[in-house]
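Using the hints provided, position chain B relative to the given structure of chain A.
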Amino acid sequence: MSQKQILSSDGIPLEESLKKAERKNKLKAVLLVAPLFLFILIIYVFPIGDMLFRSVDDRMITKMLPKTFNAMEKWDGKDLPDEEVYKGLYDDLTFLKKNKTYGKIIARLNYEKSGFSSLIKKTVRKINKFEEGNYKEQFIKVHKRWGKNEYLVALKNTAPNWSYAKYLKGMDRKFDQDRNIIQVEEDRRIHKILWLRTLNVAFWVTIFCFVLAYPISHLLATLPMKYSNLLMICVLLPFWTSLLVRTSSWMVLLQQQGPINDLIVWIGLAADDNRPELMYNVIGTFVAMTQILLPFMVLPLYSVMKTISPSLMRAGKSLGGTPLVSFVKIYFPLTIPGIGAGCLLVFILAIGYYITPALVGGASGSLISNTIAYHMKSSLDWAFASALGTMLLVGVLAIYWVYNKLVGIDNIKLG
Amino acid sequence: MANDHFVKFENVDKSYDGKQLVVKGLDLDIAEGEFVTMLGPSGSGKTTCLMMLAGFETPTNGQIYLDNKVISDIPPHKRGIGMVFQNYALFPHMTVYENLAFPLRVRKIPKDEADKKVDKALSMVSLQGFESRMPMQLSGGQQQRVAVARSLVFDPQLVLMDEPLGALDKNLRESMQYEIKHIHESIGVTVVYVTHDQTEALTMSNRIAVFNDGKVQQLSSPDELYERPVNSFVAEFIGENNTFAGEIIDSSGDQCKVKLNSGTEILANPIVAKAKGEKTTVSLRPERAIIDPEKEMDNNHKGKIEEVIYHGDHTRLRLDILGNKEFILKVPNSSNRIDIKAGREINIGWNSVDCRALDPK
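Residue numbers (my numbering), protein chains in the order written: chain A, 1 to 415; chain B, 416 to 776.
It is possible that part of the hints are untrue.
A few chain A residues facing chain B, derived, Cβ under 8 Å [claimed, not checked]:
1. A29
2. G115
3. L253
4. Q257
5. P259
6. K306
7. S311
8. L312
9. A315
10. K317
11. S318
12. T322
13. V328
14. I330
15. L334
Keep in mind the hints are simulated off the structure, nothing from the lab.
Where is the CB? At the ideal position from N, CA and C, for every residue including glycine.
Here chain A stands alone, though its shape is the one from the complex:
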């Protein structure tokens, strides 16, 4: 602690006067960054936070049946509950009927256990005729399911405010009656197939892109300016064309009466009456996605290759390495940062790709993103869509982490 404090010439400690001198610059820097920071916060952090929140939020049912759940707190779930619970249920349902908002809970409860739909509907219809007192008996009289313990247990299971049931659903798993995690019935395990297909498509699209992009990028980096500019425009042209137009043009090319099929028939690879399906399956997804994501591989590779001096390959050759040896030992290792950046970029884009598989993928070529969209737009199960989205996000982060461990994020070069 005997460190001597250094003073500036006017007697103020040096550290303090340095801070003072830099304060204005720091303030300026903060003000310059602030708009971007707010923008990112609003368009990026909030939506993702909201998505995470939605995927576990299960408060709706708790809010709508407050008295029921209040009374159920004391119930152990072994035998049928007391009169108090049925009284709560009566009060809640009467209130919901008056406001005509009971529709919401039907979907939620039916998801928890099928059979709730008719149970609630019938009960609500007859609830006006209930007399005061002895609600338990009256409920069971309206529908005998109210006398079955399993339905009431299912009802109690919806009580917690937070639930990770949607995540289990995304992994083809669910809670059984006793809150154990089990696999869903074999014919309903669709999400596992979707996840595997998504990974598979993303992997192969990345490989195809790499194989196609490597020579193109090399050509781009080594050709004289006037040719490489032209080639660069060819590579970038897809960027400037609408995604929809590009995908639609693939639909024209790949359809059964399309030019590619005509060519296959003309060559004699297939009979005219037995034209292969190139679209509305996984082939269409592969072809169209590879073409669309190709620039994302070309650009990082190109920018890395551009920095590799041609004299390195010459040095390799002059030192006695055959062109192949020089390529493998010298050129290729130097392009790894670009390969890493390109592959990561294409893989991450491919894993969440939506429009192309939606248009040319058909049923067997649709990916997890299409399922997310389906639950957002059609089934309106936003919580499940959010859960799938979150799983996708975690997956991407995991890939990033693995990549960082293997290659090192510092080795990525985008330009």
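For chain B alone, coordinates are given in the frame of chain A:
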């Protein structure tokens, strides 16, 4: 026995675009063990010649021989020629050791023998102990030495160097010049060196080939090149040079009389222009003219000092003499130096032998 035609360019032409010749009918012989520098302004074709020798460019016409074998059809990796590149071209992802071991590994030389060779090459450039460094961790001079060591490690008969010292600062460049010269002397390898820096060429080479316009203007030893340039390009390009334009009015053996454009007549040494009536450019080195010569010299003229520039070891005078206002004179700064001031008239003299009548510019 040393081979006088170890490297032989025979009537070599090179064109990149089919419209212009970069190298025109080049003939050049380099003896085994020689240090030959290709010197010339940029675009004179010297690097192209080196690249053709290394195998990265093919001659449009003509043949190149290495040790009496035609090498035009041999790919670069089979020529066994060491090369040092302008920007060193060290492999940035390999350590110094791996860089040096690369040519040995592709030749499948056993590891213990390779280790010895790498060690020997590194000791030659005094870089032992740097084996595990990456090229990026080395200074420019050290990188340069690694590049030199790498070009020598597989014992090539011929090493090509393409402006290897261009990126170094002045002091380092000078010490590297000596170092490369000493390495050449100690192992006796043939070196073909390309540079546009004439001091470098004069310091290091056995012989210098001065390139201009795709042709070798003169191929001779450094002193020969400086003292006896064969044409006005070489005279201008190597060292400093004072010129007078004129016409030969009388010629007799080893002396001729030149009538300058200003009207004065001087005596000169006929080299290129010999016949009476020929136009000529007379060239004179700045240190060959003397102020107030004690001995009688065959050219004596009066000039006016326009400018005095102090240079430490010598002083340069710019004179207005015989109609040339850019005439430079070098005066050594000794203790008994004469009083020189701008505006003074002085008497200077030079010998007609040093005053060479070359081709007109």
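We went through each hint and held it up to the structure:
no., hint, verdict
1, A29, "31 Å, violated"
2, G115, "66 Å, violated"
3, L253, "40 Å, violated"
4, Q257, "49 Å, violated"
5, P259, "40 Å, violated"
6, K306, "15 Å, violated"
7, S311, "4 Å, holds"
8, L312, "5 Å, holds"
9, A315, "4 Å, holds"
10, K317, "4 Å, holds"
11, S318, "4 Å, holds"
12, T322, "5 Å, holds"
13, V328, "11 Å, violated"
14, I330, "6 Å, holds"
15, L334, "6 Å, holds"
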